[in-house]
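Given chain A's structure and the hints, the job is docking chain B onto it.
Residue numbers (the numbering used here), protein chains in the order written: chain A, 1 to 270; chain B, 271 to 667.
No lab work stands behind these hints: they were computed from the structure. Small disclaimer: the values here were computed from a predicted structure and weren't measured. All residues carry an ideal CB built from backbone N, CA and C; glycine is no exception. Check before you lean on any hint, since a few could be wrong.
What the hints assert, rightly or not - Once the Cα atoms are required to be at most 25 angstroms apart in a straight line, the calculated DSS-like pairs of lysine-lysine come out as: (1) A/Lys102 - B/Lys528; (2) B/Lys469 - A/Lys213; (3) A/Lys234 - B/Lys469.
What the hints assert, rightly or not - Between beta-carbon pairs, the in silico distance windows are: (4) B/Ala507 - A/Gln112: 45 to 51 angstroms; (5) A/Ser174 - B/Gly579: 25 to 31 angstroms; (6) A/His251 - B/Thr502: 23 to 29 angstroms; (7) A/Ala246 - B/Gly665: 44 to 50 angstroms.
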Amino acid sequence: MFRSKFILFIYCLLSLGSFQQVRGMSKPDIEELEQLIEKHQLALSLTRAQKYRAYAVLARELELYGYLEESLSYYGRSLKNIPRDQDSLEILSSMLSVLYRKDREEALKFYQQKFKKAATSSTSPVKSKILDFWKKVFSKKVFKPSHVGFYGQFFKDQDVKTLMQQKKYSVALSFLDPKALKSADINHRLEYDVLSKIAGKKSGFFCLSTLKKYPNSPSVTMDICRYLKGIQLKVESLETLKKKAAAQLPHLSYLVDALFDIPVEQEKKP
Amino acid sequence: MSRLGFFLLFLSTACLGLYSCNQVGLGALTAAKNVITSPIDGISSLLSNRRYNEVEERTPSEARSVNSLSFNHVPKTSEVIRCEVQGPRPILERESDLESLMGATRSSACSCKAWGSCSQDVCECAKLCPNDFSLFKRAPFEQSTADLTSNDHSLSFRNADSMTLSSIEGTNGYCWGHASTTAQFNRLATFDPSETQMKSNLDAASGSPERSEALSYYKGVIDKVTNNKVSTIDGFANLNELSSHPDLESYIADKVAKAWASRAMSFQGLRTALGTGAMSQEKSSAFLEDVAKKIDNFQQPQIVFTAKGNAAQTHAVLVSHYERDESGLTLCLRDNNEPPTVNKLCLNRMFVDDDGGIHYSPWGKIGRAAIAHNDQADTLKHFDVLKEECDRLKGCK
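For reference, chain B alone in the conformation it holds in the complex:
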């Protein structure tokens, strides 16, 4: 073998050594070739896209069964494991015995699923902390992504209700930041309302050490979540309650504005607003299917779209869930200009119309629609920190 050959082999090994599987390596080489042939605009999120696809491929298809709103979810028997120590069988004499037995069974059973209550002794880590997108099935996610769309799990302030009704021409506020920040809290924050001390301290006298400590604590946990870290937030029951507190509302609103700036002010954000012609049937359908695929992977993706013929009218939202019937696929948008209830009921609907373009129920026919350029990277960041947290909590490292 030539010197160059050895050199290339060495380097390939150096790079490949970082992978656990040849397929991944092949994917990287394919992607590397794409860099040469793609225009610069097309390669902008290449690394994130590639990694996203890897995680998606690992996600078992049977896990992706709760993609649309369902009120009748029954846990699979494989998700429930009875952990009680084996002993003599109880003798059932009265109805109350049966009730107490059921109670004891419920309390001793544990769930063997992502973030489940079982210990790793009875449930393998691959199920407790799966290395795929089923890791996003974490409270407040229960049955479907639509669970996240409720009032409790939404920011207390709408994007810009004032602006949509305003005499000033239709403006859409910090929609992109609103969507991103909401997704961060829904995925990364857990709330513990039983720990009330810190919240009470917010009412302590101005300048007191107690109040200063409480302010510092809450700003710290908000910073953590908005910097894509997992955090438990004491004293509040949910996102709505947290974001309506007078000491914190303004702080969170600032985070929304900053999140907006980092997305909308980028080159890709500025370019997004340019497509105003209706999309072709093929592109429209492909877009809806791409979004549905993300929802099947337990995500509420961020999408951006423009009004038809008006590049200035742009919006960015999360997609709550979808419905599929004989008429086709309909996306249910979590429009941050609308009350959460309206969104959860899928009254803000996006679908391909008879002409092949995309129709959004409050707007009519729209121009260009796309998954936000930051969505893959945001999803991966959240996936990574959640995996780390799950492994830590369940002792799976």
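If we strip away everything but chain A, and leave its shape as in the complex, we get:
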């Protein structure tokens, strides 16, 4: 009987993806499914292991569809039902990555209070890799210049930004390679341009090709480029640009802040 009910339970979960052949999964679908499960008390008759597995399936699917809140809720239910002989690393890692997408502070709290301890005691062969990854994500330290795989750019970006905020400009510059910046996005080109200007470079900035294409753009990035080139900004002053960046593009503030550290002798007031 348990087996029949479990199949039925999962069957209803599966029907979630097919409620409407066209619309796919939506919040009303999830609510409808929950009502169905509650109405017939399907979950009550399942074993812990069955609930753990069923809720994990649904949580993963919700995660893939971007329903972060609901996904967390189902991961939580799965975790509550985890059998003693099961490793919790997958569920905890999934919860942490969903939290990271949703709220970085909450993710850090979860990492410190629950994840580290539980993951350390995991028997999973992927434990060390996953622990190492999240340790780096939440660490304020700057890492060695070995940034590899899917995760390379992520850690490099964090490092360059952190180093610039710490005013360790020459170290940050050493993380970037000018040989291939032509096709990088404007943020990365500006990072290199600002750092090399601080180091004494006077011309040949990578941002200039974009400025040439959009000479009238009042965007923060183009004003940073104008400042490096020593031409008139679209705003009144560097102070105004700083305020504008803080208000509109706070993630670029570190670039504007670094402009204040260009040595006076080479700075041309635009």
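Coordinates of chain B only, in the frame set by chain A:
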């Protein structure tokens, strides 16, 4: 019948009532049984996989004929319907008459195919907005999935050219996010360069209402596409142009990074990088065939792979199209570290080598390769919103 029997029958009916066909119900029951017998890692995308298979089964096999690059596509006559009102036959006296007749015929003919120009009066909705993967045959798709691989339909910035050449050990940037975001724009965005007002307003004075409105508009449409909604984007001719604008490039690059985070930072993303041993001949061939099948279903699937013996060297890309000849199947990768032209010409090739492992031309022998865990769900999300949009546009609801 026992009480339990009635209960089960009721519930089965409740669930089955949501289906239009018993086969679907049987599929669900089979999948439900699989949940019991599969390890948790194996069931992670069960719902999406099942629905994906349903849509795939509906896709007519004859629609899957343009899977590799072809420059000689001729529209099938069944795709073209002449919509003009019947009248007296024209008398052709001069060559110019013939030209004008051909012109009139061209302008009055309409296409009866997915997203075709015919109205539903002359072309049935099942053809205009098919409920299968031929719905992905939407501009910029013309003849094959390779059409999407051109410079115009690619992001203006490569994944991390700087990183592949960098003195810092081979890193691959936000490749996964780059691939996913590119697929979102290729499938869900249409561009209307004739509507220039909003784009012009981006050059208005800083802080002016015009500029604020334009910024808000463009960020809004980018948000829509990256949140898997269909959107028309005014003022730009294509993705390359949009993503190179100084007001928007940074914004789109952020979206790429966020898309990366939601995939690569997941448990499955972290696990992906672990397989570094060469795959067996059987698994290698099965992987290539699975990818080819997706391309036959008009998709550029996202794949992830690792270098042989180096779990840290990982990459995620779209597969542009494939070639099949006497030597076997070759995937043409849309490598986001490479210029789009190189990708369209299939210079980044993936195939099964003599040892049975997978060979990727720029890397040599690779370790594990797999279709990205998010690919099925992403495809279904796009399919759903495109179907809804097509039905709306063509009045097929």
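Against the structure, the hints come out as follows:
1. A/Lys102 - B/Lys528: holds (11 angstroms)
2. B/Lys469 - A/Lys213: Holds, at about 14 angstroms.
3. A/Lys234 - B/Lys469: The hint holds at about 18 angstroms.
4. B/Ala507 - A/Gln112: 45 to 51 angstroms: holds (49 angstroms)
5. A/Ser174 - B/Gly579: 25 to 31 angstroms: holds (28 angstroms)
6. A/His251 - B/Thr502: 23 to 29 angstroms: holds (28 angstroms)
7. A/Ala246 - B/Gly665: 44 to 50 angstroms: holds (48 angstroms)
Checked against the numbered hints above, the structure breaks none of them.
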